[in-house]
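Colleague: For reference, the chains in residue letters:
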Amino acid sequence: MERLTIGFISILLLIGTTSFAQHNFIQIDGIYSQPRSLFTDGNFSDKNGLGIYAKNGGGFQFSAQSVPEIIGISFAYQLNMFGMDKDKLSQQLNASEIEKIGLNSIHNLFIGPVLQIPFLDDQFYWSLKAHGGIRFISLSEFTAYYPAIYSRFTSVEYQIATRATAVYEFATDIQYIFNSSAGIHLGLSYIGGATNKINYHYLTNGSKVIEGDDSIYQTFDYINIKLGLSFKI
Amino acid sequence: MNKNGLLLICCTLYFFSCQKEEIGFKKIYEPAVLPKSYFEITTIENCEPPYRVFFKNLPSDTLGNETYYWDFGNGISHYGKVPPVVSFAAADSFLIQLTTTNEVGSHTYDTLLNLPDQLPITSDFKFESQYGAFYWEPCPVQFTNLSQRAKTYTWEFGDGGRSSERDPIHVFEQKGEYTITLFSECGGQEEESFLPITIQGPPKRFTLSEVHLNFIPEKYMNDRDTTDGTLGNDLFFEAFIDGENVLTGNVIRGVNGPKAYPVNWSSDESIFIDDYNQPLLIRFFDDDFDGTPQFIASTTISLLDLQNKFYPSEYSQFDVDDLEVKLLIKWKD
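Order-wise, the sequence lines are chains A and B.
Quick note on our numbering: the first sequence kicks off at 1 and runs consecutively.
Quick note on our numbering: the second sequence kicks off at 1 and runs consecutively.
No lab work stands behind these hints, which were simulated from the structure alone.
Note that the structure is predicted; figures quoted are calculated from it, not measured.
Keep in mind that a hint or two might mislead.
To be verified - Derived DSS-like pairs: lysine-lysine, alpha-carbon spacing no greater than 30 Å straight-line: (1) A:Lys47 - B:Lys27; (2) B:Lys26 - A:Lys86; (3) B:Lys26 - A:Lys100; (4) B:Lys27 - A:Lys197; (5) B:Lys151 - B:Lys126; (6) A:Lys197 - B:Lys26.
Unchecked claim - Example chain B residues on the side facing chain A (calculated, C-beta under 7 Å, incomplete): (7) Ile23; (8) Gly24; (9) Glu30; (10) Val33; (11) Asp61; (12) Thr62; (13) Leu63; (14) Val104.
All residues carry an ideal CB built from backbone N, CA and C; glycine is no exception.
Build out the structure end to end from the sequences listed, making use of the hints.
Modeller: In C-alpha cells, the structure reads:
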C-alpha cells in the first residue's frame, strides 16, 4: 500500500512538472473483444445460454483526438466481429447442426470528451475517455437442421434484421511516442448499452412450412483490449 | 454541475437501466409425422377393355426424399412419384395401392377400382375463335373434344362441313348461325352434343398501330435528305381507300445504315372499311427542305388478301425497287 501511495505521488509530481500544450493524435488499433456485462447477469457470449452464443472476437478501430490542454474531444469508429458457438446454439434449439451465413458484427461510431495527461517529457500520454454514440448490430443469418425422424421441420432459416441502437464506451489507454510523431498505443475499454430487441424472421422446410417473425432481447456489452499505432499530428 | 447536466445523467442512467429480460431464439419444433399417401383416378379411357387409367399422386406431410411404390393389382407395379398410365386388359376389380416411405416411416393408401364390361360414354366439346372474342367471316374455329371414354368421333359443323378428327379446326366461310353436333361412339354406344355458333360479318374498321417503311434512300430521295441524318417530321404518308384519304400520318425518320432506313409511325385512329374489294393505297412523301412535299413511293395493299389471310395482326409487303412496307394492324368490330 505504501508503495502504491509513493507511486501515485510520483505520477502526480511527474504531471505537475509537465507543461501542457496542444496534442492531437490519430490511432489505429487492432482489438481483442470479450463479451462481458458488468451491470447485468446476461451477455451475448456462449456462456449465457441464450441468443447468439458469441465467442470472443476481434476487430479494429480508427480514432482521433484533439486535446488543447488536458481535456479535449475524441472521435472513433470501431468494428467488432464475433464468432458463434454453433454446437451450443444447436443444443439450445435441439438442432443437429447449425449452418451460419455471414458474421456477427457491431459497427460503433463514437464521440466524447477525453482527459489526456502527458508525462515523462511528453513521451507518454495517459487518456481517459467517455464515449457515446450509435452502433449497428448485424447478426449472421443461420439455418438450424433437424433429423427428419424427429421433426416435421427438416430445417429452419433464421433471418436477422440489423439493429441501430445507442452505445457508450469507457476507455483508458496509454501511448508511448518514441519519436516526435509516432508511437504505440495500448488501451482497455468497456462497451455497453441497453438490452436490445433484435427482430428476426423464420422460415421452415419439411413436411410443414411455416414462417413468422419474433425477437430476441440481448445485451451486447463487451470488453476491448486495443493495441496499435499512434500518430501525433 | 448545473441542473441540466444532472438531468442528462439521470436520463442516461434511466435509459440504460431499462433492462428487459434476455430471450434467445424461439425453438421451432414439432414432432415428426408419417407421410400421407393419397392418389386420385383422373381419367379412364375407353368404354370397354382394355381400359387406360390415369392416376394423380397427391401425397402430404412429405419431407422431400420420399420413395413411392405403386401396386396396380393387375401384376403391374411401379416405383416413382409420377405414376404411369396403366392398361387394364379385362373387366374386374383391382386393388390399387400406393406406399409412401421416408425417414419417418411408411404409409399406404389403397382404393378399389371396379372396371365393368362396359362404361358409359359422354359427349361434350368447346370451341374458340382464332380471333379471340370475335367470330368474323371467314372464321377459323378450334374445337376441343371433352368427351369421355369414346373411341370415334363425327363432327357436323352446320355449314355442310364434317370431320372425324378428335380436335378439329374448321373455317366458317360465311356469316350466319350454325349448330355444331358432335357424335361420340364406343362399343355400340352413341352420345351426341350440340352447341350453337354465330359467325359475324367481317370487321368494320382497323387501326394501323405501326407503319414501317424500308427503302434505299438514294432511289427515292434527293441527296440532301439521304445524308443529313437529322431527325424530324420530314416524311409523311397518306392512306386512301376508294380514292378517299382515310389517314394521314407524320413520321419521324431515323438513319439506320447506309442503304435503308425504317420509318415508324403509330396511331390508334380507326380506318373504316365499307368494301373489302377496294384496296388500301399508301403514298409516302418527303416534306423536303424547301417545304414542298416530294413524292417518294407508294404501295397498294389488297384488303381482300388480308381478309383471306384471316385478318393478320402483322403484314409485310415487298414492292419493286426494294420498297418494303410492314404494318401492325388491329382489327376492330
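Colleague: It remains to establish, for every hint, whether it holds in the given structure.
Modeller: These are the hints, each one checked on the structure:
1. A:Lys47 - B:Lys27: Given that 30 Å is the threshold and the Cα spacing comes to 19 Å, the pair holds.
2. B:Lys26 - A:Lys86: holds, 16 Å
3. B:Lys26 - A:Lys100: holds, 17 Å
4. B:Lys27 - A:Lys197: Holds, at about 17 Å.
5. B:Lys151 - B:Lys126: At roughly 18 Å apart (the allowed maximum being 30 Å), lysine 126 (chain B) and lysine 151 (chain B) satisfy the hint.
6. A:Lys197 - B:Lys26: holds, 14 Å
7. Ile23: holds, 5 Å
8. Gly24: holds, 4 Å
9. Glu30: Result: holds, 4 Å to nearest chain A Cβ.
10. Val33: holds, 6 Å
11. Asp61: Holds. Min distance 4 Å.
12. Thr62: holds, 6 Å
13. Leu63: Check passed: Cβ of leucine 63 (chain B) comes within 5 Å of chain A, closer than 7 Å.
14. Val104: holds, 5 Å
In this structure, none of the earlier numbered hints is contradicted; all agree with it.
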